[in-house]
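Those protein sequence lines, which keep their order, are chains Y and Z.
Take the first sequence: its letters are residues -11 to 749, numbered as in the numbering used here.
Take the second sequence: its letters are residues -2 to 300, numbered as in the numbering used here.
Just so you know, the hints here were simulated from the structure itself, not pulled from any lab data.
Where a beta carbon is used, it is the ideal one built from N, C-alpha and C, also for glycine.
Misleading hints may appear alongside valid ones.
[To be verified] The calculated EDC-like cross-link candidates involving lysine to aspartate or glutamate, where the alpha carbons are at most 16 Å apart (straight line), are:
no., chain 1, residue 1, chain 2, residue 2
1, Y, 18, Z, 242
2, Y, 472, Y, 364
3, Z, 267, Z, 248
4, Z, 61, Z, 48
5, Y, 34, Z, 248
6, Y, 34, Z, 271
7, Z, 244, Y, 42
8, Y, 18, Z, 97
9, Y, 459, Y, 424
10, Z, 162, Y, 154
11, Y, 136, Y, 154
12, Y, 489, Y, 499
13, Y, 472, Y, 499
14, Z, 191, Y, 26
15, Y, 18, Z, 171
[To be verified] Not the full set, but computed from the structure, chain Z residues with beta-carbon under 10 Å of chain Y:
no., residue
16, 47
17, 63
18, 65
19, 67
20, 99
21, 100
22, 102
23, 224
24, 231
25, 243
26, 245
27, 251
28, 276
[As the list claims (entries may be wrong)] Derived Cβ-Cβ restraints for the label pairs, each shown as a range:
no., chain 1, residue 1, chain 2, residue 2, range
29, Z, 160, Y, 13, 54 to 64 Å
30, Y, 11, Z, 174, 50 to 60 Å
31, Y, 16, Z, 178, 51 to 61 Å
32, Z, 162, Y, 740, 15 to 25 Å
Here's the letter readout for the chains.
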Amino acid sequence: MQFLNPALLFGALLFAVPLLIHLLNRQRHKTRPWAAMEFLLRAYQKTRNRLRNENLLLLLLRCLIPILLALAIARPVLQNAIGPLGQNGSVHHVVVLDASYSMGYQTGSGQSPFDKGRMIVGRLLEQLGSSNERGDRVTLVSAGVRPKFLVTNEANLALAKAQWLDVVKPEDGATDLTAAVAQVVASLREAAPGQTQVYLITDLQTRAFGKSFDDPKDDKNAAPQFQDTLRDLIEVLKKLIGTQVHLIDTGPLAALRTGGLCDNVQVTGIHLDQPLALARVPITAVATLRNRGAASASVMATLEVDGGEPVRKVVTVSPGAEVEAEFPITFRETGRRRIRVSVQNDNLEADDAFDMTLDVRERIRILLVDGAADDDPLRAYRALYQAILDPTGGKGSPLVTQFEVTVRDNLALLSGQDSPMSYDVTVLADVDRLNERAANEIQKALQAGKGLLCAFGDRVEADNYNLQLHKVGTGPMPFRLATKTGGLQGSSVPRAPVLTKPEHPLLREFDEDIYREIAQSIPVYQWFATEPDSFAANTEIVMRLTDRDQSPLLIAAPFGEGRCAFLLSAPAPADKKERWNRFDDPMIAFHLLHGLIKWLALPAQDPFNVVVGTQLSCSLPARPTDVEVLVPERLGGGKQPIAENSRALPFGRFALPPFANTVMSGIYVIDLQLDREAGKENWSQPFAVHVDPEEGQLSYRAHDEVRQVLGLPAILSDLPATLTAAADSKKSELGPTLLLALLLLVLGEAAMARFVSVRRT
Amino acid sequence: MSELTNYLDPTVLNKVAKLELRARLVVEGFVNGMHKSPYRGFSVEFAQHREYVPGDDLRYLDWKIFGKSDRYVIKQFEEETNLRAHLFLDQSESMSYAHEGGMSKFDYAATAVAALAFLIQQQADAVGLTLFDEEICRQVPPSNTRSSLGNLFNNLNQAKASNHKTKVGPVLHDLASQLRQRGLVMVFSDLFDKPEEVIKGLREIAQRGHDVVVFHVLDRDETEFPFERMTLFQGMEQMPELLVDPKSLRDAYLAEIEQFMDAIKKGCRKHRIDYVRVVNNTPLDVVLTSYLTARAARKKRRK
């Protein structure tokens, strides 16, 4: 038996009042001489026992009234109502509060589900603090981006309260409770067995229970089943000795108990209509807006570039639909830029804005290593590449050409006169061989996010490539070259390409069927075969040939932070009589090379646009020092230093020390100094962190459904009655029962007193 | 007449200090209030005259004297003149009890005794008085003279409740042996003694040919027990004290005292003794009527 207000038990001392009244009444008697004493004494002897019993019973009833009243207002709680006793009778309270951004949904009362959850936990701590003689312990878990154990098995409730005060709002993560509950199960299994109360406080959003809460396909009448392990984890918790699980719904539809859908319009993403943004070249930023609610919504979408003048557009979004809002932009300057698209705040603020960073370049710089540089200029490869990519020789407007082609012969590459690091894309056009220096430079450039296009032609020495670029599987070439196959034009059966991955971004220029048909009708006479068993796992074969072996023709693969593409039959200018194919045809050459170069110019990974919870990191050309992170306003703003040392990467690069506290969306700017040989160099990089739009699907489950699936006796909307003032017969607080008993006792006393009075008069 | 009848009320009489006056008021109030005389069946042997009192049988009115002197006189006969009335009055401590604002049992009984003595003497009968507690205290021999009546009143005035116990049985036994000539014996007592002892004493008197009338004098409190608050009852006659809630004992007490009174009453009836229960807040005419009834009954038995 425990008491929620044990101090009030002193009120039981009032039981002495009836005794005192009784004794005072005996003192305040009248004295009377009496003649018929013999009869009085005889009557007294005959009735003494009955009178004594009646009087004792009345006195007992009257003494019980204050005792029972004191007990009732001291609010006793049955021990077994909250589980079997631990060794010392203390209770371990484990609170898991859903801190996903859907918990920030503002209801009409201005209180979000998260606020309600905080209040509930605050009340729990207050109540424990007022009656912690038994030494209760608490574990507080904020189930945000990652489960965060604020305190674990902590008996110092003041410390727990202090920790809890730091949790003021939900994170911008998309959370299901599985990971948090799994960690709770693990910690409880390690802890000593005892009485444990687990409170899961969530909004009952479908996503909170895992990804799948759909009706089974086979039997539509059957109850929905979780496909994650949350149910199993709760079963495990329930089987732990002395453990009870309470699921508390604080969601906006908690009062209805029937679940449903709440309105929410969100910005789900931003993309550009071009893969690359170039300075002074108009480009369109396309924001996708989604209406998650059940009613049509007109919203004002606002675009801001680097926090500048906003551009607004009214967009109407049908229920459940996604629409695109296009904003034409022209960047005047190069560098890392920020774009933010937002809609006016609705009830869920976290997904009302979406940030993006992008690298705006002057042009795409291409190092063309011409394997036939010594040949007739009209027959050299540069004739084709320059004509297709840079017809103005780097002097035209960016509107005309986006590429700047620098032509070098192989010697420049082999001798290190020029380095791929200085270019966005390096093209090895039928380069016969590479030495180790050149291969290392290429790998270093790839490691830094540059691109490499290898076009294999007549001059290529397969063994050399296998040695320098394949490097037994460790180099950027993810396969081994075999032998030249096919023959010269007219001497062999021409083959045609097949677009095996027509949706691959590398082929984005072939966006119309006619171009695809043209591409697949281009004759290929000769090509390099590959060793079939040598392909690495992350290799994509984008084009094959129609020969018997369906030989790969265009192969794409990432390496480091960069991308590689391998064209097994090099395109050559039309004047080159021994050309291997007819890719020089302008109908195909333009689309093929533009697509290839633009794709290769982009890093393989974009570490600068990530979802909430992702660690911020990238590779750097020198060792970083004095690393600081300027966090967004949603995380409180201000700079936070990163004390961790950077990690060295291959080819002289260094990893930015990871910054993991990306629990809120927005722009994180990392400022550091690069420790170069020439001295320190300031370096700044913005990272855009955005929410997972799926968390904005405010679909809530019905209580009965959840109760049935999780196997819980009830879904609560507040703390269990064992801890609250409001009582419930099943909730084991004895106060109301005692009050009822008190009422009965008072009535019984009155009846007894009346009976005795009537009987005696 | 109505003023006189008021004097039958003990609360009124209580304000009258002199016993003799009290007795006279009682008798005159009683006589004026009667509608029918209880005097009937007088003997034919004339002995003397006496004053007419309402209720006397008009057959015995001496019309000659009325014709000569315009006075109402009744002819008395020999046997009537021989009536000897013995009045026994208990003066034990228990008789001193009085309810709040009322007469004590002793005062009430003394007034009744005085009234009866006055009435008897007026009828020219002999009346005597015996005061007793656990023994005989005082005695006035029966006489029909006025001086004797004065002596009786003096004794009554001097008497007061003693601090002795009631022992009715032995006293009656003693008195029975003293009563030589048959007569009317009237006992005024609360009879707080063992009922069988009381009956035994009364029986002895009755067996000696006396007509016995027992006036069982009780206080209103003793018959109603109306107390409410916690009370310490201090027992009279060396009885212990008892602190008790009177309400809780009321029923049992009343049952006890009723049982006691029934025992006395049944014992009296068994031995043809008149039993009159008198509570000291009831008018005294009950006493006088009871006397007259007893007198008439006695006369019938003599016939």
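How the hints compare with the structure:
1. 18/Y with 242/Z: Given that 16 Å is the threshold and the Cα spacing comes to 10 Å, the pair holds.
2. 472/Y with 364/Y: violated, 24 Å
3. 267/Z with 248/Z: violated, 28 Å
4. 61/Z with 48/Z: Holds: residue 61/Z and residue 48/Z sit about 14 Å apart, inside 16 Å.
5. 34/Y with 248/Z: At roughly 11 Å apart (the allowed maximum being 16 Å), residue 248/Z and residue 34/Y satisfy the hint.
6. 34/Y with 271/Z: Given that 16 Å is the threshold and the Cα spacing comes to 32 Å, the pair is violated.
7. 244/Z with 42/Y: holds, 13 Å
8. 18/Y with 97/Z: Distance ~13 Å between residue 18/Y and residue 97/Z Cα, so the pair holds.
9. 459/Y with 424/Y: holds, 11 Å
10. 162/Z with 154/Y: violated, 93 Å
11. 136/Y with 154/Y: holds, 12 Å
12. 489/Y with 499/Y: Distance of about 12 Å is within 16 Å: holds.
13. 472/Y with 499/Y: violated, 31 Å
14. 191/Z with 26/Y: Distance ~10 Å between residue 191/Z and residue 26/Y Cα, so the pair holds.
15. 18/Y with 171/Z: At roughly 40 Å apart (the allowed maximum being 16 Å), residue 171/Z and residue 18/Y break the hint.
16. 47: violated, 40 Å
17. 63: violated, 51 Å
18. 65: violated, 55 Å
19. 67: At about 52 Å, which exceeds the 10 Å cut-off, the nearest Cβ of chain Y leaves the hint on residue 67/Z violated.
20. 99: Nearest chain Y Cβ about 13 Å off; hint violated.
21. 100: violated, 14 Å
22. 102: holds, 8 Å
23. 224: Nearest chain Y Cβ about 7 Å off; hint holds.
24. 231: holds, 5 Å
25. 243: holds, 9 Å
26. 245: holds, 5 Å
27. 251: holds, 8 Å
28. 276: violated, 13 Å
29. 160/Z with 13/Y: 54 to 64 Å: For residue 13/Y against residue 160/Z, whose Cβ atoms are near 32 Å apart, the range 54 to 64 Å is violated.
30. 11/Y with 174/Z: 50 to 60 Å: holds, 56 Å
31. 16/Y with 178/Z: 51 to 61 Å: holds, 58 Å
32. 162/Z with 740/Y: 15 to 25 Å: violated, 41 Å
When each numbered hint is compared with the structure, violations occur for hints 2, 3, 6, 10, 13, 15, 16, 17, 18, 19, 20, 21, 28, 29, 32.
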